[in-house]
Structures are given as structure tokens and as C-alpha cells.
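Heads up: the sequence lines are chains W and B, in that order. Here our numbering is used: the first residue of the first sequence is 1, the next is one more, and so on. Here our numbering is used: the first residue of the second sequence is 1, the next is one more, and so on.
Mixed in with the good hints there might be a few duds.
[To be verified] Across the chosen pairs, the derived CB separations fall in these ranges:
1) Asp211/W - Asp426/B: 56 to 62 angstroms
2) Asp426/B - Ser244/W: 37 to 43 angstroms
3) Lys229/W - Arg503/B: 53 to 59 angstroms
4) Gly204/W - Ser497/B: 35 to 41 angstroms
5) Lys111/W - Gln481/B: 22 to 28 angstroms
6) Thr24/W - Gln481/B: 49 to 55 angstroms
7) Ser497/B - Phe20/W: 43 to 49 angstroms
8) Ala414/B - Lys229/W: 45 to 51 angstroms
[As the list claims (entries may be wrong)] Away from chain B, derived, C-beta distances all over 12 angstroms, residues of chain W:
9) Arg27
10) Ala81
11) Ala126
The set of hints was computed from the structure by calculation and includes no laboratory data. The structure displayed is predicted, hence computed values, not measured ones. Even glycine gets a Cβ: it sits at the ideal position worked out from N, Cα and C.
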Amino acid sequence: MSTPSPEPVSLAANDVHLSFGSNTVLRGVDLDVPAGTTAAVIGPSGSGKSTLLRTLNRLHEPDRGDILLDGRSVLKDDPDALRQRIGMVFQHFNLFPHRTVLDNVTLAPRKLKRLGGDEARELGLAQLDRVGLRHKADARPATLSGGQQQRVAIARALAMAPQLMFFDEATSALDPELVKGILALIAELKSDGLTLVVVTHEMGFARSTADTVAFMDRGQVVESGPPQKVFEAAETERLQRFLSQVL
Amino acid sequence: MSPTRLSRCGDGYFANMTRILKASVTALVVLMTFAMGWAPPAVADVDQCAPPGVQSASALPTNLAAAAKGPGEDKYTTASVAPLASVNRAALGLITPGVLTVGTLSDAPPSICIDSAGQFTGFDNELLRAIADKLGPQVNFVGTEFSGLLAQVAARRFDVGSSSITTTDARRRTVGFTNGYDFGYFSLVVPTGSPITGFDKLAAGQRIGVVQGTVQEAYLVDTLHLDPVKFPDYNTVYASLKTRQLDAWVAPSQQAQGTVQAGDPATIVENTFSLDNFVAYAVAKENNPLIDALNSGLDAVIADGTWARLYSDWVPRALPPGWRPGSKAALAPTLPDFAAIAAGNAPAAAPSGSAPKSTLAQLKDSFLDWDLYKQAIPDLFKTGLPNTLILTFCASIIGLVLGMLLAVAGISRARWLRWPARVYTDVFRGLPEVVVILIIGLGFGPVVGGLTNNNPYPLGIAALGLMAAAYVGEIFRSGIQSVEAGQLEASRALGFSYSESMRLVVIPQGVRRVLPALVNQFISLLKASSLVYFLGLIASQRELFQVGRDLNAQTGNLSPLVAAGLFYLMLTIPLTHLVNLIDDRLRRGRQVAEPDDPLDPASPARTQEMV
Numbered sequence: 001m002s003t004p005s006p007e008p009v010s011l012a013a014n015d016v017h018l019s020f021g022s023n024t025v026l027r028g029v030d031l032d033v034p035a036g037t038t039a040a041v042i043g044p045s046g047s048g049k050s051t052l053l054r055t056l057n058r059l060h061e062p063d064r065g066d067i068l069l070d071g072r073s074v075l076k077d078d079p080d081a082l083r084q085r086i087g088m089v090f091q092h093f094n095l096f097p098h099r100t101v102l103d104n105v106t107l108a109p110r111k112l113k114r115l116g117g118d119e120a121r122e123l124g125l126a127q128l129d130r131v132g133l134r135h136k137a138d139a140r141p142a143t144l145s146g147g148q149q150q151r152v153a154i155a156r157a158l159a160m161a162p163q164l165m166f167f168d169e170a171t172s173a174l175d176p177e178l179v180k181g182i183l184a185l186i187a188e189l190k191s192d193g194l195t196l197v198v199v200t201h202e203m204g205f206a207r208s209t210a211d212t213v214a215f216m217d218r219g220q221v222v223e224s225g226p227p228q229k230v231f232e233a234a235e236t237e238r239l240q241r242f243l244s245q246v247l
Numbered sequence: 001m002s003p004t005r006l007s008r009c010g011d012g013y014f015a016n017m018t019r020i021l022k023a024s025v026t027a028l029v030v031l032m033t034f035a036m037g038w039a040p041p042a043v044a045d046v047d048q049c050a051p052p053g054v055q056s057a058s059a060l061p062t063n064l065a066a067a068a069k070g071p072g073e074d075k076y077t078t079a080s081v082a083p084l085a086s087v088n089r090a091a092l093g094l095i096t097p098g099v100l101t102v103g104t105l106s107d108a109p110p111s112i113c114i115d116s117a118g119q120f121t122g123f124d125n126e127l128l129r130a131i132a133d134k135l136g137p138q139v140n141f142v143g144t145e146f147s148g149l150l151a152q153v154a155a156r157r158f159d160v161g162s163s164s165i166t167t168t169d170a171r172r173r174t175v176g177f178t179n180g181y182d183f184g185y186f187s188l189v190v191p192t193g194s195p196i197t198g199f200d201k202l203a204a205g206q207r208i209g210v211v212q213g214t215v216q217e218a219y220l221v222d223t224l225h226l227d228p229v230k231f232p233d234y235n236t237v238y239a240s241l242k243t244r245q246l247d248a249w250v251a252p253s254q255q256a257q258g259t260v261q262a263g264d265p266a267t268i269v270e271n272t273f274s275l276d277n278f279v280a281y282a283v284a285k286e287n288n289p290l291i292d293a294l295n296s297g298l299d300a301v302i303a304d305g306t307w308a309r310l311y312s313d314w315v316p317r318a319l320p321p322g323w324r325p326g327s328k329a330a331l332a333p334t335l336p337d338f339a340a341i342a343a344g345n346a347p348a349a350a351p352s353g354s355a356p357k358s359t360l361a362q363l364k365d366s367f368l369d370w371d372l373y374k375q376a377i378p379d380l381f382k383t384g385l386p387n388t389l390i391l392t393f394c395a396s397i398i399g400l401v402l403g404m405l406l407a408v409a410g411i412s413r414a415r416w417l418r419w420p421a422r423v424y425t426d427v428f429r430g431l432p433e434v435v436v437i438l439i440i441g442l443g444f445g446p447v448v449g450g451l452t453n454n455n456p457y458p459l460g461i462a463a464l465g466l467m468a469a470a471y472v473g474e475i476f477r478s479g480i481q482s483v484e485a486g487q488l489e490a491s492r493a494l495g496f497s498y499s500e501s502m503r504l505v506v507i508p509q510g511v512r513r514v515l516p517a518l519v520n521q522f523i524s525l526l527k528a529s530s531l532v533y534f535l536g537l538i539a540s541q542r543e544l545f546q547v548g549r550d551l552n553a554q555t556g557n558l559s560p561l562v563a564a565g566l567f568y569l570m571l572t573i574p575l576t577h578l579v580n581l582i583d584d585r586l587r588r589g590r591q592v593a594e595p596d597d598p599l600d601p602a603s604p605a606r607t608q609e610m611v
């Protein structure tokens with residue numbers, strides 16, 4: 001049921017720094033996500049997880065450090081072109097409320113990839129099929145449930161055929177009974193072979209689905225590794241304290 | 001959206017609104033049919049803009065004060081004029097070759113006024129037409145405000161100012177004048193029974209009305225050292241006097257005699273001669289060819305008897321001793337013996353039989369004269385309404401486009417965009433509308449005169465549009481800024497640039513949210529469009545207010561203004577309800593009735609402010 005995806009890419013962050021004025025948010029983040037794998041980023045609120053995602057796709061420009069896709073620095077690329085390669089899903093969905101569900105999905109392909117009306121419609125419906133919402137194509141986002149809205153947001157990101165997908169606490173704003181469905185959808189994308197970076201509070205999901213788990217605290221990746229190691233053999237005192245609070 | 005859906009989302013509201021709309025429309029229609037179906041028995045006797053005829057002649061006032069040194073002191077009247085045949089008609093220095101553009105007013109019958117056919121006329125204007133006939137150019141009359149008339153003549157917006165202008169030294173610093181064609185007395189008008197019986201009874205603490213910028217104002221301030229109450233036009237002064245909000249009115253005699261009707265609760269108690277000044281046409285100071293040509297023309301119409309005929313017909317009064325029109329070489333006009341005619345009229349003129357009307361009757365006469373409604377409505381409909389709509393519509397377009405640019409610049413991260421937008425908004429929101437209209441109309445008018453052909457209409461639209469832009473810009477800005485940051489973020493994350501994101505995602509949402517505020521802005525723009533009359537409009541360009549005001553000026557009755565007001569209501573009330581409708585829809589959210597999926601366990605989440 002998936003549309004042909006482009007070859008997934010690897011992502012690496014080297015010593016990424018970012019401050020807003022006097023407020024330092026990222027203090028040298030290192031992250032390595034091999035092509036086709038899933039990295040879960042966990043950590044307490046305010047540790048810089050969401051900011052890291054926005055820096056990796058250059059919604060914020062890093063002050064220092066480098067960001068590499070498939071080993072090549074992307075800091076000199078056109079940031080708009082870079083973001084077309086990276087899909088992003090937000091905690092609060094951020095669907096465009098003045099457009100229909102289908103328009104939400106097809107807007108970027110139509111305007112950025114110059115797809116014709118019929119072609120875009122076909123693509124949009126295929127993406128909605130992929131998330132099980134083809135029948136809502138003509139509805140307004142406001143009439144959908146939270147879970148449905150997040151599925152549309154995922155379809156919207158997928159419509160640009162990204163090589164990489166970011167999920168920023170994609171289930172945090174959902175009612176508990178809707179969380180599972182979205183997590184299952186993310187797991188499905190992983191099995192389709194996409195490279196994923198998932199900022200999440202769902203430790204069960206991180207443990208079961210991620211290939212790598214990175215623990216962030218105060219603007220740094222304090223500890224990272226395979227889920228078993230991070231969750232069962234935490235080395236640092238900070239990670240141990242965090243896990244004792246959330247598990 | 002299907003009708004069922006529409007009615008579902010606002011059943012009660014629609015019913016309510018429809019009821020109100022129906023009621024207002026019915027009221028208006030009833031009023032109009034009523035007014036139009038009314039027989040027109042006595043329209044003529046309220047028309048002050050018709051020549052009163054020689055039978056209405058008046059003798060020299062007996063109580064003339066301080067006139068002695070008048071004509072003898074005159075150092076401006078030319079000794080002679082060039083013969084008409086020697087005037088170079090191609091070099092009159094006209095703004096538009098072949099057309100004499102004349103700024104005039106409509107509020108001072110019988111000297112200057114607009115008749116029931118919408119034509120500017122009166123003694124001054126008919127005489128000017130006769131003079132122009134001698135010289136060649138066509139005459140194009142444009143209505144304006146007295147306070148701006150001389151400035152507009154000096155700025156070459158008009159070739160000639162024709163408005164019973166008394167030639168004072170102060171005015172000669174701004175404009176040049178032709179030789180005199182008329183002279184002026186001042187009249188002192190007071191409410192019937194007032195203790196003020198003459199100019200010597202005027203004192204500080206009394207409310208004495210004058211029209212702003214007139215010689216009467218100068219006379220009160222400079223000669224009598226009193227502080228007058230200033231009005232924009234003669235009708236407003238007189239209306240205030242009649243309702244006893246004024247203790248006295250110092251008026252040009254022609255106006256006083258034309259305005260004060262038998263049965264009015266006011267009387268003319270004394271006259272005084274207008275010192276050493278005569279009445280002449282104003283021309284730009286440096287345009288000597290035109291002044292000389294008009295002087296030649298004036299002597300010519302005196303010589304062939306036209307001046308005497310028009311004078312006797314429109315403003316028959318005995319000439320003050322030693323004064324006569326035209327250059328010093330002009331022949332003395334042959335006039336009937338006005339004093340004798342006046343003497344013969346004396347018994348009839350005294351309205352002994354007409355008792356003063358009650359206040360209620362006065363109000364009814366002033367506001368509810370059905371004949372005037374009938375007279376006003378066709379003009380309001382054919383001339384006023386289209387002009388008001390054109391002005392408002394064009395200004396709205398300018399306001400929307402420029403306002404959007406201002407809004408986008410105002411939220412830009414670039415300081416060089418933000419600052420100019422800020423300054424523009426502060427300036428145009430901070431200035432009174434009238435000031436903007438005058439600055440744009442009179443300040444920029446001459447600069448772009450070639451483009452606009454000296455037509456003030458586009459300038460009025462520009463001024464209104466520039467003003468609206470400042471407000472609309474702020475409305476758009478608040479709307480755009482109210483759109484959640486996540487919308488811009490989501491759009492940029494898809495790969496859209498900042499400007500694409502604004503255009504496709506943020507601005508459409510922001511604009512929807514401020515539609516009610518925007519419609520309110522259009523309502524105030526609609527009302528502000530009446531201010532373009534400050535710039536001077538020809539008869540066919542008059543908008544609702546000016547049409548009502550002209551008829552009001554012509555008759556001294558307020559009913560035409562009330563009729564104009566009804567037209568404004570007819571436009572603004574539906575708009576107000578449109579605002580409420582939009583507001584209601586926005587608050588409750590659009591309720592799209594999608595067929596609900598029976599298999600979908602989730603209940604639709606409704607977001608409050610989403611459209």
C-alpha cells in the first residue's frame with residue numbers, strides 16, 4: 001500500500017550548538033542515525049529535544065557544528081530544498097484549518113513539485129489511503145478527531161516523498177486510546193524503510209521500535225545506544241534518575 | 001454550501017436579521033413612495049436660488065455706518081481697461097485651455113447658489129458667464145468650501161474664484177482680484193425680540209455667528225474686537241440663530257436678505273457698508289493676462305447693459321454713493337430707481353400677519369418637508385448614491401492592497417520594511433480625516449495636476465484609500481499575528497519559503513479572522529467619503545452628503561440632509577448585519593455537515609475558532 005519511497009538517507013549531527021540570545025538551548029549535540037533506522041530521542045521537558053529536530057531541518061540555524069545527510073554537510077544548501085527532503089509531524093498536528101483534508105495533503109506537491117490537479121489528487125488520495133482516511137478527503141480538519149488529524153498530518157508529510165521523517169511528540173496531544181494507532185503507523189513507516197527521528201515520551205514505543213535511543217538533558221545527548229542498553233544498563237546518573245521517574 | 005446547511009447554522013439569527021432588514025426596507029420604501037407620490041405644490045417658493053426680480057429691490061440702508069471714506073480710498077480699481085478686441089484669447093493662462101475653471105459655492109443665494117436643476121448660478125456666476133462669453137472660454141463651475149477657495153485659486157486649482165469675495169488687503173496677499181462688480185453691506189441678524197438692536201450693542205460674551213474666513217469675521221475680530229463663533233457655511237449659522245443657539249449673526253446683506261424669510265423667528269436689524277472694499281473675482285496673483293481680460297470683459301458687459309440686467313434681476317439694491325462697477329473708465333450703468341420700487345413695496349414687505357411659529361412647527365418644517373424629500377431622492381439616487389459607492393469602492397481597493405502591504409511589512413523581520421510601515425500607520429491613523437483630504441487634495445493636487453487633469457475626484461479616492469490603508473493594515477496585522485506560530489512552522493517544514501507560507505497558509509487564515517473588523521472599516525470609509533466635498537466637486541461628481549447639502553443650502557431646510565442620511569443607513573445597516581453574521585459564523589465555527597463515518601469510533605473534535 002505504500003508509494004515508492006526514495007532511497008532513505010543517513011543523518012548525523014556533529015557538535016551542534018544553538019542559543020536564542022543569552023539562552024543556550026543546544027550545547028554540542030552529537031547524533032548518528034544510519035539510513036533506514038529509527039532513532040528515539042527521550043529526555044525531560046526543556047532538554048532541547050524539539051529544538052534539536054527544528055535545528056536538524058534548519059527551521060533554526062545552528063550557531064556551530066555540522067549537519068550531514070549521507071555524509072554530506074547540508075548547511076550550505078537551500079534550507080527550503082532541504083526541508084522538502086525531511087518530513088515533519090508535530091505535537092499539535094498544525095493542519096491548515098482553512099483547507100480540506102485533501103488540500104492539506106496536496107498543497108506542497110502542487111506548489112513545490114508543480115504537480116497537476118489530477119496527479120496531485122491521485123497522490124493525495126493514495127497518501128490518505130495509507131493512513132486510512134480516504135473517506136475524509138473533503139472534510140475540514142476541524143471536524144476530525146485528534147488521531148485522525150495526526151494521520152492527515154503524517155499523510156501530508158509523506159506526500160512530499162521525504163527521505164527522512166521527524167516526529168515531534170506526535171502522540172502527546174492525543175487521548176490515550178488514540179496513541180496506539182499513531183504509534184503503529186510510525187512503526188509501519190519504519191518497516192517501509194524510512195529513516196526516522198522520533199522525539200517521544202512513550203518509553204514502551206522507544207524500547208520496542210527504535211534502533212537507537214538517545215537521552216537528552218540540558219542541551220546535550222548525555223547517553224545513547226541500542227534500547228536494551230539504554231533502558232536496562234544506564235551508565236549515567238542523570239539517565240538513571242530520568243528512567244526511575246518515567247518507568 | 002447548500003441552503004439546508006446555511007439555515008441549519010443560523011436559523012434564529014437569520015430570522016431575526018431578516019425581520020430587521022424587512023422592517024427597515026419597508027420603512028424606507030414607504031417613505032420614498034410617500035415622498036415621491038406627493039404632489040409638488042410649492043417647490044418654487046422654497047427655492048432661494050432663483051432671481052428674485054426687480055420687484056424685490058431694496059433701497060440704500062438708512063443706518064449706514066462709517067462708509068464715508070469708502071470709494072475715495074480705493075487704490076486698486078484700474079483707471080481703464082484694454083479694449084476687448086485687443087485681448088489675446090489664446091494667452092489667458094487657463095489651467096485647461098479653452099475652459100474657465102471656476103471655484104464657487106452653493107450656499108449664498110442669490111449671489112452664488114445651485115439651482116434645482118443642479119446648475120451653479122446666482123448673480124456672480126451669471127455675470128461671470130456673460131463676461132466669459134465676451135472672451136471665448138467655456139465656463140466650468142466646481143463647488144468648494146469657502147475656507148479653501150482662495151488657497152485653491154492661488155494653487156491654480158481654479159482659474160477664478162467666484163463667491164461674492166470682498167477684496168480685503170489680507171486676501172490680496174494670497175490672490176489677485178479683478179475690478180469690482182458688486183459691493184457689500186453687512187447685515188446684523190438677530191432672533192426676533194432680541195435686545196441687540198444694532199452693531200453698537202454687540203459685546204463680549206454674546207454668541208455672534210459668522211462664516212469662517214469671511215470679511216464679517218475680520219470685521220468682528222479686527223474692528224469690533226469681539227470673538228465670533230465660526231461656522232462653515234451660511235445655512236448652519238442661520239439654523240443656529242433660528243434655534244436661538246446664537247445671539248446674533250453678522251452676514252453679507254445679500255445673504256441675509258436671501259435667507260431670512262417672512263415668518264422666520266429672526267430679523268435684520270441694521271446694515272453697515274463694507275468699508276472701502278468691493279466685491280470681485282479672485283484670480284491667481286501672477287496671472288495678470290486673465291485679470292486684465294476679465295476686467296475688459298466686465299467693462300464690456302457693463303457697456304452693453306448685461307450687468308444692469310443681471311443686477312436688477314438677482315440683487316436689486318440701490319448703489320452706495322460714489323461706487324460703480326468696473327474700471328474707473330467704465331460707463332455708469334443705467335439702473336431702475338430701486339429706492340422708489342422699494343418704497344412701493346414697503347407695506348407688502350412687512351410681514352405683520354405672520355406670527356412666529358412654534359418650536360415644534362419650526363422643527364417639523366426644517367426636518368420633515370416632504371416636497372424636499374421628493375426633490376432630493378431622485379438626485380440622491382442618480383448622482384449621490386453612485387458617487388458614494390464609487391468613492392468607497394475604489395478607496396477600499398486601495399486600502400486593501402496597500403493595507404496588506406503595510407501589514408506584511410509591519411511584521412517583517414527587516415527593520416527597513418518595518419519602520420516605514422510603522423511611521424505610515426502612525427501618521428495616517430493619527431491625522432483627522434479632513435486634514436488628510438485637504439493635504440492630499442490641495443497639497444498633491446497641483447503636483448499631479450497633469451495626471452488627474454485637475455479633477456479632485458481621483459485625489460479624494462487616493463486620500464480616502466491612503467487613510468483606510470493605515471487602519472486596514474493594522475487590522476490585517478492583528479489578524480495575521482493571531483494565527484498560531486505552528487501554522488508557519490508546519491508550512492516551512494514542508495519546504496515552503498517564508499513568502500509562500502504567508503501567502504498560502506498564514507494570511508488567508510488571518511484575513512478570515514478579521515473580516516468583521518474589516519467590514520466595520522468599510523462602514524467608516526463609506527461615511528468618510530462625504531469629506532471629499534472639501535476638494536470641490538462638479539455637480540455630477542457630488543456624493544450623497546453633498547447632494548443633500550446643496551439642496552439644504554438652496555432651501556435652508558434640513559430635510560434633504562435627513563434624506564441623505566437615510567441613504568447612508570440603507571447602505572450601512574445591511575453591512576452592520578453582515579458583520580454580525582460573519583462574527584457569529586467565526587465564533588461558532590463553520591459547521592460542515594460531512595456524512596459521519598459510522599465505523600469511526602472517534603467523535604469529531606470541534607475547534608472553536610477554526611473556519
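Each hint tested on the structure:
Taking the beta carbon of each, Asp211/W and Asp426/B are about 57 angstroms apart, inside 56 to 62 angstroms as hinted. Between Asp426/B and Ser244/W the C-beta distance comes to about 57 angstroms, which lies outside the given range of 37 to 43 angstroms. At about 48 angstroms, the CB distance of Lys229/W to Arg503/B disagrees with the hint of 53 to 59 angstroms. In this structure, Gly204/W and Ser497/B meet the distance hint of 35 to 41 angstroms, their C-beta atoms being roughly 39 angstroms apart.
In this structure the hint that Lys111/W and Gln481/B lie 22 to 28 angstroms apart at CB holds, the actual value being about 24 angstroms. Remark: the range hint 49 to 55 angstroms for Thr24/W to Gln481/B is contradicted by a beta-carbon distance near 28 angstroms. Distance hint for Ser497/B and Phe20/W: a CB-CB separation of about 22 angstroms, inconsistent with the stated range 43 to 49 angstroms. For the pair Ala414/B and Lys229/W, the beta carbons lie near 49 angstroms from each other, so the given range of 45 to 51 angstroms is met.
In this structure Arg27/W is separated from chain B by more than 12 angstroms, as the shortest Cβ-Cβ distance comes to about 23 angstroms. For Ala81/W, the condition that its CB be more than 12 angstroms from all CB atoms of chain B is violated, with the nearest at approximately 7 angstroms. Chain B leaves Ala126/W outside its interface by the beta-carbon criterion, the shortest separation being 18 angstroms against a cut-off of 12 angstroms.
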